[in-house]
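Asker: Chain residues, written in single-letter form:
Number of protein chains: 2
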Amino acid sequence: MQAVSNFWASLPDDLEHEVIDTLLDDDSVRIERIVSHGQSSPEQGWYDQTQSEWVMVVKGAAVLAFDDGREVRLESGDHINLPAGCRHRVAWTDPDQKTVWLAVFY
Amino acid sequence: MQAVSNFWASLPDDLEHEVIDTLLDDDSVRIERIVSHGQSSPEQGWYDQTQSEWVMVVKGAAVLAFDDGREVRLESGDHINLPAGCRHRVAWTDPDQKTVWLAVFY
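Quick mapping for you: the protein sequence lines, in order, are chains A and B.
Following the working numbering from start to finish, the first sequence increments by one per residue and tops out at 106.
Following the working numbering from start to finish, the second sequence increments by one per residue and tops out at 106.
The set of hints was computed from the structure by calculation and includes no laboratory data.
Please note: incorrect hints may appear among the correct ones.
Identical chains share a label here; the pair holds if one copy fits it or two copies do between them.
Claimed, not checked - Lysine to aspartate or glutamate pairs mimicking DMTMM-like chemistry, simulated, CA-CA at most 20 Å apart: (1) K98 <-> D14; (2) K59 <-> D26; (3) K59 <-> E18; (4) K59 <-> E75.
Next up, chain A with everything else stripped away, as it sits in the complex (with noise of 0.2 Å):
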């Protein structure tokens, strides 16, 4: 039998760090939930990922950064696909509301 979840369920409340939530674990593909609030990454915590990264955010709004200088803002439905070692880190996150991402790794 398969089991319906809600993406909106239990949003947590303490955001002293993002939270990460993993929807579907497979062999091929992993999908997350992560819920941002103002958090950003470590100024040198570049992302240089071995699995490509299909991103949206689902709700808030967010910057990501890449390592040629540019980047991107990202509210909400906005999604980019992010290639395995496009080197990339989350230059900024809204601190007035949650930003909720939806992440395929693959």
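Fit chain B to the known structure of chain A by using the hints.
Answerer: Showing chain B alone in chain A's frame:
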């Protein structure tokens, strides 16, 4: 350079049929946005997919039916994982609003 797209952009107006947009197409994963407006699968039209599918109703409402007679209702934010070979069909989508699905085939 990674391009940003918006999930809510260009929602189709003419919804005589379901409208499918491919957001990502890779060897191991395909991500689609599917917009329905009252459509359901043909009565005998079971989906019997060789790929697994994780699907979320981002907005709207729908009912999935399984070949054991079970039905599950999905509303905004509800997601379900459908393993390969899990025979299912869309029994109903809300005729009063657009139902927008995010489907990850893997």
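Asker: Sort out which numbered hints this structure fails and list those numbers smallest first.
Answerer: As far as the earlier hints go, only 2 is violated by this structure.
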